[in-house]
Amino acid sequence: MTSMLRRDGPILNDTRAAALRNRPVNDGMIASPIELVDHLKQVVHGLDESQASGYVAELGPLRIELRLHGAGDHADFFEVFPPVRPGALSKQASRAQSVDFAIEVIDGARCGVKRPGLKWRASDFGLKRIVPAWSNNKRTTYFLRSECGLAVADWRAGHAYVWVPSIEAITARDRAAPFRWLLDGLAQRHSLTTMHAAVIGEGGIGLLVVGESGRGKSTLALAAISAGMDYLADDYCLLDARPPYRAYRLFNTAKLRADARVQSDWIADSAHKLDSVNGGKQVFNLARSAPGSLADRLEIRALILTEFTDEALPVLDTASPNEAFRRAAPSTIAQCEGSEAQVTAEIGHLVRQLPCFRIRMPRDSRLSIDRMRDLIHRLRKAPENVS
Amino acid sequence: MPASVHAYRFNRDTFAFECFDDEIVVLNVIDGVYYAFRGAAVPAWPYIIAQHPEPVIASTLATRYGIQADAVTVDLTEFIERLASEKILLTASENTSGIDYSQSASLTKYAGFIFERHDDMDDLLTLDPIHDVDAQKGWPNT
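Chains as they are written, first to last, in our numbering: chain A, 53 to 439; chain L, 777 to 918.
Honestly, the hints are just simulated from the structure, not real lab data. Among these hints, one or two may not hold up.
[What the hints assert, rightly or not] What follows is a set of in silico ranges between Cβ atoms, one per label pair, in the way DEER data are often shown:
hint, chain 1, residue 1, chain 2, residue 2, range
1, A, 419, L, 843, 46 to 52 Å
2, A, 432, L, 867, 51 to 57 Å
3, A, 161, L, 863, 40 to 46 Å
4, A, 344, L, 863, 47 to 53 Å
5, L, 888, A, 369, 26 to 32 Å
6, L, 842, A, 405, 31 to 37 Å
7, A, 419, L, 891, 55 to 61 Å
8, A, 369, L, 885, 24 to 30 Å
9, A, 106, L, 863, 42 to 48 Å
10, A, 432, L, 860, 45 to 51 Å
11, L, 892, A, 294, 29 to 35 Å
12, A, 416, L, 843, 28 to 34 Å
13, A, 294, L, 868, 34 to 40 Å
Just so you know, even glycine gets a beta-carbon here, dropped at the ideal spot from N, CA and C.
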């Protein structure tokens, strides 16, 4: 088999396509991504519209139309996405002209739609460990291993179809950040990147908080909310890695460990906990719990590497670009469903262009927030002199 | 097999890398494992991924550090073998050229090849295996 540079997972090259055509197949089994698109398109056209709920999300410069078929009683499913701003959709333009991409979600059980039988094998989806995907430049087929579902994105048509056994099969973790794997591919087609990072800020200036799970990203992000700062993300954001390095909100959610160091009235009083996810985390919809703290976009002026300390006071010092890269890139790249080479280069560029800092956070996160506020103040006044 | 006839190419299907002044960071894009290479690995890296012969790389590094090539060769061979054992380098059929070998001596002291492997992402990415196709039902089979 010829070796090809991957974009969006393994490329469906001619050799593999020929092997697929020659594989024995039962009647009714789908043999290609375009057949899967056509099949699910027909399925959707035949569904009862009265059982569907719709939503238009605004993810930075991208507008996404979402439709959930067969689960009208789960109309709040999409509320984890930032809604389109009121009046942003022109009355003159048709909805199709106003959105960049549409995602149709089919609840298999409620719609009476069985999972399509596919001719290809699991190994055809490549080696990605979270959402294996299989692409050519026109379409990407995804295996949703947690839900045992599947999806296909038709990039040229600007449409994706997601089949899940039922809406309940979507794990709480994935409900906190739905279709992130799909948004990865879409973002890259619009010169954007989805980053595994938290983002906090104030007055339009943001800090990109990077690092592997358990090192304090969420803690710092939630402490920022408690302190009245802007919150854009605790785990995933959309980033334009070109100056002025804007980050955009992807999801309204925040996660908190049961044993988290952050204590706050808004958390304790929140009646809008969604669910528990693996690791004992609680998921909050901040559009309900702390709507005033949500920022749609922030201009990133520095990268922050978090870690915990048993010391009484926080310590903020500079970090090297390579240290920032090692903290920012692995988790983003490993979860990337787009071009890993492109994302690697973008993170490499980012850590060289922006100042990087390491903060050692004590148990009282308010002290760390004070340091972040002071840093933002200095970045606003004289960014070139901050070190 | 003598080291001089080994030929490798960078495994671009599975890895990506970024070069910094004092460190090369290589990422496994599938599982998030990453590697940090320092010391003589930094000046050697462009030559390695450009598939230059080991004796040429050793000679170039010896000139750079002002030491005998023999002192570099053993370390370089061991480093390349570790890269190959991690599948960062794959066996290649031919070498390429195009890099200027003429480097002036540097005052930097030779400190060998530093190779670090980090697998911090394992907790994040440990998931159930994918089940393969059922001949009657099609994929996925669960």
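Against the structure, the hints:
Distance hint check: the CB atoms of residue 419 of chain A and residue 843 of chain L are about 50 Å apart, consistent with the given range 46 to 52 Å. Checking the proposed 51 to 57 Å range against residue 432 of chain A and residue 867 of chain L shows it holds: the Cβ atoms sit about 53 Å from each other. The supplied range of 40 to 46 Å is met by residue 161 of chain A and residue 863 of chain L, whose beta-carbon atoms lie about 42 Å from each other. Judged by the Cβ atoms, the range 47 to 53 Å given for residue 344 of chain A and residue 863 of chain L holds: they are separated by roughly 50 Å.
A hinted range of 26 to 32 Å for the beta carbons of residue 888 of chain L and residue 369 of chain A is consistent with their spacing of about 29 Å. Between residue 842 of chain L and residue 405 of chain A the CB atoms are about 35 Å apart, so this pair conforms to the stated range of 31 to 37 Å. The hinted range of 55 to 61 Å is not satisfied by residue 419 of chain A and residue 891 of chain L, whose Cβ atoms lie roughly 38 Å apart. Separated by about 27 Å at the C-beta atoms, residue 369 of chain A and residue 885 of chain L satisfy the suggested range of 24 to 30 Å.
Between residue 106 of chain A and residue 863 of chain L the beta carbons are some 46 Å apart, a value that agrees with the proposed interval 42 to 48 Å. Checked against the given bound of 45 to 51 Å, the beta carbons of residue 432 of chain A and residue 860 of chain L, roughly 49 Å apart, stay inside it. Checked against the hint of 29 to 35 Å, the pair residue 892 of chain L and residue 294 of chain A passes, with Cβ atoms roughly 31 Å apart. In this structure the hint that residue 416 of chain A and residue 843 of chain L lie 28 to 34 Å apart at CB is violated, the actual value being about 52 Å.
For residue 294 of chain A and residue 868 of chain L, the Cβ-Cβ distance of about 35 Å falls inside the hinted range of 34 to 40 Å, so the restraint holds.
Of the numbered hints given earlier, the model fails hints 7 and 12; all others are met.
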